[in-house]
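Asks: Chain by chain, the residues run as shown.
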Amino acid sequence: MNRIINNPDEVVEDALRGYLRAHPDILAATDNPRVLRERNAPRAGKVGVVTGGGSGHEPAFLGYIGENLIDAVAIGEIFSSPTAKSFHDAFVAADGGRGVACLYGNYAGDNMNVKMAIRQAAAHGLTVKTVVANDDVPSAPKDQREKRRGVAGEILMWKVGGAKATEGADLDGVIATAQKAIDNTRSIGIGLSACTIPAAGKPNFSIADGMMEVGIGHHGEPGIEVGPIRPARELADLMLDTVLPDLPFAPGDNVAVLVSGLGATPVMELYILYDHIAEVLSSHDISIKHHFVGNYFTSLEMMGVTLTLMKLDDELDRLLAAPAHSIGMTRIAR
Amino acid sequence: MSSVVLADAGGVVLELAEVINANRAWLSEIDGAIGDGDHGINMSKGFSQAAAALGKAGGGLAAAFTTLGDTLLGGIGGSMGPLYGSFFLDLGSTLDGHAVLDAALFSKALHTGLASLQDLGNAKVGDKTLLDTLVPALDAFDAAVAGGADFGAALSAMRAAAETGRDSTKDLVAKIGRAARLGERSRGVLDAGAASCCLLLQTMAAGLQRRLT
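As given, the protein sequences belong to chains A and Y, one line each in that order. If you read the first sequence in the working numbering, its first letter stands for residue 1, the second for the next number, and so on. If you read the second sequence in the working numbering, its first letter stands for residue 1, the second for the next number, and so on.
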């Protein structure tokens, strides 16, 4: 394991100090060392927007703290849910008096800790409502969509929910729009190599050299097919063949496309893939209105990629375009 | 010999912390076979924090359970933080206000804790989780009481059933949590949560038996 760390048991603490030193124009600490907030949060009169999850997915989750995006984030150990207390403290850090929208991904630990945190918040009169992202198509069949995991589609959900809150919507309005965002979003991942949690010291799953796992999860959850790596053009076809029929996406649709590396993929290869994705979408008469290519939601040093598509209506288009500033994503008015 | 004076029994929680710390490496090793390999580390972290918060004496048992639950909820996250955290909070709140613990109150406390676990985790017996230890252990306790056993004898029945329940997870395929991704490959090893639950129930039972008056 060749890594740039100090004590493997303290990588989260060490990284958080670095984030705070590097981005004081965006981030601020709170009394809970595992909760960071936007430096001007809470903003009075605005619905607070919170997320949280395990570490190791940077720039998710804390990288999407920012103006018109996420107000506060609960931070867990690597690949492990934050505590109920941290979710609760993030709710408090984001609360501007109009309630809090907690927009997070569908994982057992996160579901439990959020549920406990909401009870704690309710006990002192703070209303928190949730949207649980489940955009990962290969993680369960379509008729069991409630079992699907949340992956990079969460970023588009946060962008939409954050912008909606900034527009002044009430809590139910933010929740309804964030739910619409994830309901119109589908993702798939392909893994080409495993990843290692520093404290464990060795990978807890493996992908053989020359092989790929289609449908792999963000923590190495098993996919739907293991086979030899194919050319980028065929990977684009394979990913789109899974994602397009699931919603389904249809000719004439406008979409947002997000192609994210999983941590170790050269960025130029993401663009090689994007070229083919854009070509295939064009051949289906599907128009790309927003595109994001880069390392948006990673899994430590896993080699691989996720593709996320969101079908747009006028509202989702407007909210994705709205200006925002964060470590992971910046949008400027144009 | 059928009840425990709660005001003097907080030390039971310190004994729980001791057994978790003593088995830290073993629990992580079991977890490493089909999970992240961090179960012992996380449990040890949470129980050590609780022991430190309680001090040497441990105080009353209701308050000690509540401190343990609060510490696990605030300290370890993942799935085990909320599951064990809510379980021990429920034990604490059920015992709160009582002077003595008898078999009926102990059963009520465990059932309350079990209901929280089921509500939070949506797991069933047979899914290869800590419920495969807890549910048969509690059933054995209730059956012993129904059959006329006193508190101490029922606790012995619970200790034996916890171990049988733990061992039953070896032949099960994980249906829930991260080990579920392994499907058939999860068969053949114990579930780490079932193993820690067995340590906790057996230690709790032994601690209560020593304090029976």
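Just so you know, the hints here were simulated from the structure itself, not pulled from any lab data. Computed from a prediction, not measured in an experiment: that's the story for all the values here. C-beta atoms are modelled at their ideal positions from N, C-alpha and C, and glycine is treated no differently. Treat the hints with caution; some may be incorrect.
[Stated by the list, open to error] Label pairs and their calculated CB-CB ranges:
id : chain 1 : residue 1 : chain 2 : residue 2 : range
1  : Y       : Gly148    : A       : Glu13     : 31 to 41 Å
2  : Y       : Gln118    : A       : Val226    : 51 to 61 Å
3  : A       : Asn7      : Y       : Ala115    : 47 to 57 Å
4  : Y       : Trp26     : A       : Arg334    : 54 to 64 Å
5  : A       : Glu10     : Y       : Ala143    : 40 to 50 Å
6  : Y       : Asp150    : A       : Ala29     : 32 to 42 Å
7  : A       : Arg39     : Y       : Ser156    : 42 to 52 Å
8  : A       : Pro251    : Y       : Ile176    : 56 to 66 Å
9  : A       : Ile5      : Y       : Ala25     : 16 to 26 Å
Asks: Each of the hints needs a verdict: does it hold here or not?
Replies: Here is what the structure says about each hint:
Evaluation of the 31 to 41 Å hint for glycine 148/Y and glutamate 13/A yields a failure: the beta carbon distance comes to about 55 Å. Separated by about 35 Å at the C-beta atoms, glutamine 118/Y and valine 226/A break the suggested range of 51 to 61 Å. Between asparagine 7/A and alanine 115/Y the beta carbons are some 40 Å apart, a value that contradicts the proposed interval 47 to 57 Å. A hinted range of 54 to 64 Å holds for the C-beta pair tryptophan 26/Y and arginine 334/A, which are about 59 Å apart.
Range check, glutamate 10/A to alanine 143/Y: Cβ separation about 47 Å, and the 40 to 50 Å hint holds. Hint check: aspartate 150/Y to alanine 29/A, Cβ distance near 55 Å, so the stated range 32 to 42 Å is violated. In this structure the hint that arginine 39/A and serine 156/Y lie 42 to 52 Å apart at CB is violated, the actual value being about 59 Å. Checked against the hint of 56 to 66 Å, the pair proline 251/A and isoleucine 176/Y fails, with Cβ atoms roughly 40 Å apart.
For the pair isoleucine 5/A and alanine 25/Y, the beta carbons lie near 22 Å from each other, so the given range of 16 to 26 Å is met.
Hint compliance for this structure: hints 1, 2, 3, 6, 7 and 8 are broken, all remaining hints hold.
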